[in-house]
Amino acid sequence: MTDHDPRPAPETMAMPIASGNRLSRRRFLRGMAAVGAGGGAAALLAACSSDSGASSAPTAAAATASTQPASPSASAEPTPAPTPESELYVYNYADYIGDDAIPSFEAKYGIKVTYDFFDTYETMTAKISSGNSGYDITFATGVDVPGFLARNLVQPLDHSLIPNLVNLGPEWQDPGYDPGNAHSVPYMWWTTGFGYDTERISEELTSWAALWDERWKGKMAMLDDYRETFAVALIRLGYSVNTIDDAQLDEALALLQAQQPLLRKYTADDIGDLASGDVWLSHAWGADVSQVATELPSATYVIPDEGGIRGSDAMVLLSGAKHPIAANLFINHMLDPQVSADNTNYIYYMGPNEAAKAFIDPEILADPTLNPDKAAIDKLQELLDLGPDLQKYQERWTKLRAGA
Amino acid sequence: MTRGRTRDATLLMPGIAWLVVFFAVPLAIIFVVSLGARDQFGGVVLDDLSLRNYARALEPDFVPTVANSLRYAVLTTVFSIAIAYPIAYWISRYGGRRKTLLLVLVMLPFWTSWVVRTYAWMTILRDNGVVNGILEGAGLIDQPITLLNTDLAVVLGMTYGFLPFAILPLYVSIDRLDPALVAAARDLYASGRAAFWHVTLPLTMPGVIAAALLTFIPAIGDFVTPDILGGAQTTTIAKVIQTLFLSSKDWPFGSALGFLLIVATIAGTVATLRILRREVIG
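In order, the protein sequence lines correspond to chains A and B.
Taking this note's numbering, the leading residue of the first sequence gets 1, the next gets one more, and so forth.
Taking this note's numbering, the leading residue of the second sequence gets 1, the next gets one more, and so forth.
Hints listed in this document are in silico derivations from the structure and should not be mistaken for laboratory results.
In this text, a Cβ means the ideal position worked out from N, Cα and C, and glycines have one as well.
Mixed in with the good hints, there may be bad ones.
Per the computed footprint, the stretches of chain A lying under chain B, defined by three or more beta-carbons under 8 angstroms from a beta-carbon of chain B, are [as the list claims (entries may be wrong)]:
(1) 113–124
(2) 257–264
(3) 315–323
(4) 342–355
List of simulated lysine to aspartate or glutamate pairs, EDC-like, C-alpha gap at most 16 angstroms [stated by the list, open to error]:
(5) A:Lys399 - A:Asp305
(6) A:Lys399 - B:Glu59
(7) A:Lys392 - B:Asp39
(8) B:Lys99 - B:Asp175
(9) A:Lys399 - B:Asp39
(10) A:Lys392 - A:Asp305
(11) A:Lys112 - A:Glu87
(12) A:Lys379 - A:Glu306
(13) A:Lys322 - A:Asp174
Which bits of chain B does chain A cover? Going by a derived footprint, with three or more residues having C-beta under 8 angstroms, they are [stated by the list, open to error]:
(14) 62–75
(15) 172–186
(16) 261–269
Whenever a hint applies, use it, and build me the whole structure from the sequences.
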């Protein structure tokens, strides 16, 4: 497989893993993500991480060496150099980090990073709710940070280890969900709309109603994420995506139940399903569709006329973390302008890092679906933490999924 | 006499301990949790025990998923035995010196994670996967057939996964069958077919029953295959239980459904064995 024609055109029989391009590797990792989601990996991890309290000598040396301003970027180094632990356990979505972010961190500090994926956000929250998941860092939706804090799932960050906080844009210095970024650091922000293959569907789609169109029956997917999926129905009905009104939610459920026979699946892999052609039209995160487009150039992303969803993900340090120093250093590393820009250039998600913009591909910055302006963002709704009322969504999600 | 019995009981101890620790105790925990309620963050509250979750479990909401589970499990069992029987028969009768090698080959897939192997089926079945590629290449179809995310994909994936569980007991049972009995039937002018139906099959029935149980029971509790190879319409009751635990965070209700599933499976297994023992084995 060569790079000049990344489309999976005539060699449709080729197995994605074998073809060796960037996306194929991603797809492979995604498969691995589900293995982790199966529970085995995390259990093993929890078992392995129990003996890692002490840090080892070579790491300390590496950390000391790293205090010199060796980085070509304007990255600030924490001083004085702490002695980090020798390992770090990071838990994230698949396809949600640049390919060099982890290796460069490992090389810089001599810390061995174990990087696992979760398939759905709920899998992650279920796993960290135990308090001893074995992970140090995970990626939470910004608005969930107060809830995590209330449940003692996260601990304060050590800002003396994260001097790169200065790189954050002014609007991210003091986010409403976490004043002063005391317990979290914004990672990426995103919008949710839908993506489709313009080669299969030639007309221009602009409304969420497309996902109820009989013509694409069996070729559509909704996200396997109940807040996002209910949000689509609520937007179509003209209600708030954070409603806790039972009658409105019942209407949304009925609308989704009517849609279910038309769907191929509820997907935890919007990228893979669109890129493979199994699905022509999918509820999707905007940047994910851009990842699809590197393999399937006819894929396009739409923020529907009725409005979509926006949100941000933040890195949090879990309460049970056994490697807090390494974790703080990792967060600092992710705020390095070059690292942050590399992440964006790889996954197409925009970050909150103002200093990184100089290194981000101008095409990404200029793309209104990836980097919408303030006016466009303001039209989007944010999914808020509903506290106990979240149960209303969860119960209806169970009903929706059970209605086979 | 008494000493012999004591020794028998001693031999049973590891098995009993295993059953208690890994079956009875977890089952009891599941039962207790199923009587509780969830708190606002999805934790379990046990201060007001009731059967409310069982009342919810019997609501008609879950009939379609139970029907799906039963359908997949029955089809998987039937296909597994239909495929496994000739294989087991062939290995036993014609395997010769290579019997051991052939049996190792049957078990070889276990060396790879089942989830990974199930993912491999995705690349085979998807719209631009191996099967559609061959069919299109041969000019048999112009549009890909939807194979992945269908009932077919789920039953195929389960049959593939559970086939070794069917082959092994069938092999044991067929291998123990004295070939002289079949030869005697043939001497008495039974056709090959008649000898199979009247001698071989009845005598290997215990193997068939063991194979059926070893396929049916994991199949009815499977949520991985319907999740990976299935689609929006292939939800099984086991998948609903998984959703309740992970997404919906309603452990008490998930426990109630899980407990009912376990009880129904045990009751069904015992009843089937009783009937078969009377009817078939005699």
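We went through each hint and held it up to the structure:
Note: the segment 113–124 of chain A has 3 residues with beta-carbon separation from chain B under 8 angstroms; the three-residue rule is met and the coverage holds. Three residues within the 8 angstroms Cβ limit are the bar, and the segment 257–264 of chain A against chain B gives 4, so the coverage statement holds. Look at the segment 315–323 of chain A against chain B: 0 of its residues bring a Cβ nearer than 8 angstroms to a Cβ of that chain, fewer than three, so the hint is violated. Check result for the segment 342–355 of chain A against chain B: violated, 0 residues qualifying (beta carbon to beta carbon below 8 angstroms, three or more required).
Simply put, Lys399 (chain A) and Asp305 (chain A) have alpha-carbon atoms about 29 angstroms apart, too far for the 16 angstroms limit, and the pair is violated. Using a Cα cut-off of 16 angstroms, the hinted pair Lys399 (chain A) and Glu59 (chain B) holds, with the two alpha carbons roughly 11 angstroms apart. A distance of roughly 13 angstroms separates the Cα atoms of Lys392 (chain A) and Asp39 (chain B); the hinted pair therefore holds under the 16 angstroms criterion. The hinted pair formed by Lys99 (chain B) and Asp175 (chain B) meets the criterion: a straight-line CA distance of about 11 angstroms does not exceed 16 angstroms.
Taking the CA atoms of Lys399 (chain A) and Asp39 (chain B), the gap is about 19 angstroms. The hint is violated against a cut of 16 angstroms. About 27 angstroms separates the Cα atoms of Lys392 (chain A) and Asp305 (chain A), which puts this hinted pair outside 16 angstroms; it is violated. Restraint check: the Cα-Cα separation between Lys112 (chain A) and Glu87 (chain A) comes to about 5 angstroms, which is no more than 16 angstroms; the hinted pair holds. Restraint check for Lys379 (chain A) and Glu306 (chain A): the C-alpha separation of about 9 angstroms stays at or below 16 angstroms, so the hint holds.
The straight-line distance between the Cα atoms of Lys322 (chain A) and Asp174 (chain A) is roughly 27 angstroms, outside the 16 angstroms bound, and the hint therefore fails. Counting residues of the segment 62–75 of chain B whose C-beta sits closer than 8 angstroms to any C-beta of chain A gives 5, which meets the bar of three, so the coverage hint holds. Counting residues of the segment 172–186 of chain B whose C-beta lies closer than 8 angstroms to any C-beta of chain A gives 0; at least three are required, and the coverage claim is violated. With 0 residues bearing a CB less than 8 angstroms from a CB of chain A, the segment 261–269 of chain B misses the requirement of three and the coverage assertion fails.
Going through the hint list in order, the structure does not satisfy hints 3, 4, 5, 9, 10, 13, 15, 16.
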